[in-house]
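Going by this note's numbering, the sequence shown opens with residue 7, and the numbers climb by one from there.
If you are wondering where the hints come from, they were derived from the structure by calculation, not from laboratory data. Keep in mind that the hints are not guaranteed to be accurate.
[As the list claims (entries may be wrong)] Below 27 Å or equal to it, Euclidean Cα-Cα: the simulated BS3-like pairs (lysine-lysine) are: (1) Lys-246 with Lys-222; (2) Lys-123 with Lys-326; (3) Lys-280 with Lys-246; (4) Lys-193 with Lys-112; (5) Lys-95 with Lys-373; (6) Lys-333 with Lys-156; (7) Lys-280 with Lys-251; (8) Lys-259 with Lys-208; (9) Lys-113 with Lys-95; (10) Lys-280 with Lys-311; (11) Lys-180 with Lys-113; (12) Lys-156 with Lys-193; (13) Lys-156 with Lys-326; (14) Lys-112 with Lys-95; (15) Lys-311 with Lys-83; (16) Lys-281 with Lys-95; (17) Lys-112 with Lys-156; (18) Lys-113 with Lys-251; (19) Lys-193 with Lys-180; (20) Lys-208 with Lys-280; (21) Lys-112 with Lys-333; (22) Lys-288 with Lys-208; (23) Lys-113 with Lys-156; (24) Lys-193 with Lys-208.
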Amino acid sequence: MPILHKLAAALIVCAVVLGLTLPGPDRHKEQATKARAAGAATRTAPPTAPGPSPSASGSGKASASPSASASPTPPAKLAAATPAAVAAKANELGEVPVLMYHRIMKKPEASLDRSTKELHDELTRLAKEGYMPITAAEFVSGRIDVPAGKHPVVLTFDDSTPGHFGLDAQGNPKPDTAVSIILDVAKQNPGFRPVATFYLNKDLFLLGPQESAGLKWLIQHGFEVGNHTVTHPDLSRMSKDAVQKEIGGMESKIVSLTGAHTTTFAYPFGAAPKKRSWAESKDGEYDFRGIFLAGWKPSESPFSKDFDRFAILRVRSEGKIKENDCKLYCSTAWLDWLDKHPGDRFTSDGDPNTISFPAAGEKSLAKDYRQYGRTY
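Could you put the whole structure together from the sequences, leaning on the hints where they help?
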């Protein structure tokens with residue numbers, strides 16, 4: 007097994023040992039006590055107020071959502087959900103699958119690879135089961151604008167490899183790349199939004215002289231580009247200066263090519279540095295609104311009091327194979343579980359300016375979002 011995959015597997019095993027849950031009827035009840043996934047640090051502060059929403063390009067920073075202004079005195083009693091939200095069985099405090107992909111290839115060569123057919127089939131499943139893709143930037147900022155009854159899903163691709171994206175001679179996405187497959191599935195399933203987030207390392211899809219044109223194409227078509235460091239090192243083993251050089255160097259390159267800063271970051275191997283603050287921001291260089299791990303469980307809702315925007319869990323895309331407990335923790339297993347437990351899944355009320363959910367979930371609503379809460 008390649009060394010990168012060994013490191014990733016070791017981190018995941020550690021997470022499982024620390025207490026990742028098993029699928030089953032009691033799994034949702036146990037989630038509050040589960041360990042964070044590989045590389046996660048414990049929360050050091052309560053949730054912040056709504057962060058800036060992404061710009062139209064999916065990167066950069068703009069106004070907040072649901073509202074740019076915070077209520078000085080949250081209402082003692084939440085307003086009632088609309089009849090439409092009730093009819094949709096909205097639960098905007100439910101879990102959101104953040105799917106993690108690595109190389110996309112016609113014939114996979116390593117354990118983290120997914121075939122072009124596997125990607126197409128999984129995206130088609132998501133479309134058929136009512137999932138709507140949103141970008142990582144939209145997710146962390148609370149800009150979840152999907153139709154009533156639909157479920158947000160975040161598609162993330164690490165390492166900016168050629169199977170993710172490329173441009174042909176006419177300036178269109180190359181066939182059999184992730185971007186091309188996403189666009190194809192959207193055409194085949196009207197209403198399925200063709201967006202995803204790509205976490206970049208220095209090689210940038212091996213675009214060569216097309217780097218700037220390629221990144222601008224992605225942003226102009228609603229995709230998000232995020233920071234994944236220059237060389238994909240294990241940040242947990244590095245000094246503050248080294249960590250910030252890796253992140254700042256990649257950020258500088260992205261800004262030079264696109265003219266905009268990134269909004270989100272993903273840890274290589276899911277491994278956080280000794281101090282999370284080193285990765286969260288550095289004056290004049292980067293200032294992330296969300297950071298993603300490499301764990302194997304769906305994320306809490308961004309409106310939940312348990313949500314930590316700087317330690318967001320992801321789910322590896324994979325079938326129910328024996329390796330690394332994928333029978334329990336990878337995408338197929340989790341999508342099956344959420345399908346059988348729809349009450350635990352984030353279901354939209356159709357209004358991005360309200361947060362609707364069953365009354366029993368009120369204690370889970372983060373205090374900064376209380377003014378937007380609607381119950382039934």
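Hint check:
Taking the CA atoms of Lys-246 and Lys-222, the gap is about 31 Å. The hint is violated against a cut of 27 Å. Between Lys-123 and Lys-326 the CA atoms are separated by roughly 16 Å; this keeps the pair inside 27 Å, and the hint holds. The suggested pairing of Lys-280 with Lys-246 holds, with an alpha-carbon distance near 8 Å, which does not exceed 27 Å. Our distance criterion of 27 Å between C-alpha atoms is met by Lys-193 and Lys-112, whose separation comes to about 21 Å.
With a CA separation close to 23 Å, the supplied pair Lys-95 and Lys-373 stays within the 27 Å bound. Simply put, Lys-333 and Lys-156 have alpha-carbon atoms about 26 Å apart, close enough for the 27 Å limit, and the pair holds. Proximity of Lys-280 to Lys-251 is assessed by CA-CA distance (about 15 Å); at most 27 Å being required, the pair is judged to hold. Proposed proximity of Lys-259 and Lys-208 is supported: the alpha carbons are some 8 Å apart, at most 27 Å.
Distance hint between Lys-113 and Lys-95 is unfulfilled; the C-alpha atoms sit about 41 Å from each other, more than 27 Å. A distance of roughly 24 Å separates the Cα atoms of Lys-280 and Lys-311; the hinted pair therefore holds under the 27 Å criterion. Taking the CA atoms of Lys-180 and Lys-113, the gap is about 17 Å. The hint holds against a cut of 27 Å. Restraint check for Lys-156 and Lys-193: satisfied, since their Cα atoms lie roughly 18 Å apart, inside the 27 Å limit.
Proposed proximity of Lys-156 and Lys-326 is supported: the alpha carbons are some 25 Å apart, at most 27 Å. Taken as a hint, the Lys-112 and Lys-95 pair is broken in the structure, with Cα atoms around 39 Å apart against an allowance of 27 Å. Using a Cα cut-off of 27 Å, the hinted pair Lys-311 and Lys-83 holds, with the two alpha carbons roughly 17 Å apart. Proximity of Lys-281 to Lys-95 is assessed by CA-CA distance (about 40 Å); at most 27 Å being required, the pair is judged violated.
A hinted pair counts as satisfied when its Cα atoms are at most 27 Å apart, and Lys-112 with Lys-156 does not qualify at roughly 31 Å. Proposed proximity of Lys-113 and Lys-251 is contradicted: the alpha carbons are some 35 Å apart, above 27 Å. A distance of roughly 16 Å separates the Cα atoms of Lys-193 and Lys-180; the hinted pair therefore holds under the 27 Å criterion. Restraint check: the Cα-Cα separation between Lys-208 and Lys-280 comes to about 23 Å, which is no more than 27 Å; the hinted pair holds.
With a C-alpha separation of about 23 Å, the suggested pair Lys-112 and Lys-333 falls inside the 27 Å cut-off, and the hint holds. Simply put, Lys-288 and Lys-208 have alpha-carbon atoms about 20 Å apart, close enough for the 27 Å limit, and the pair holds. About 32 Å separates the Cα atoms of Lys-113 and Lys-156, which puts this hinted pair outside 27 Å; it is violated. With a C-alpha separation of about 31 Å, the suggested pairing of Lys-193 with Lys-208 is violated against the 27 Å cut-off.
In the structure shown, a violation is registered for the earlier hints numbered 1, 9, 14, 16, 17, 18, 23 and 24, in ascending order.
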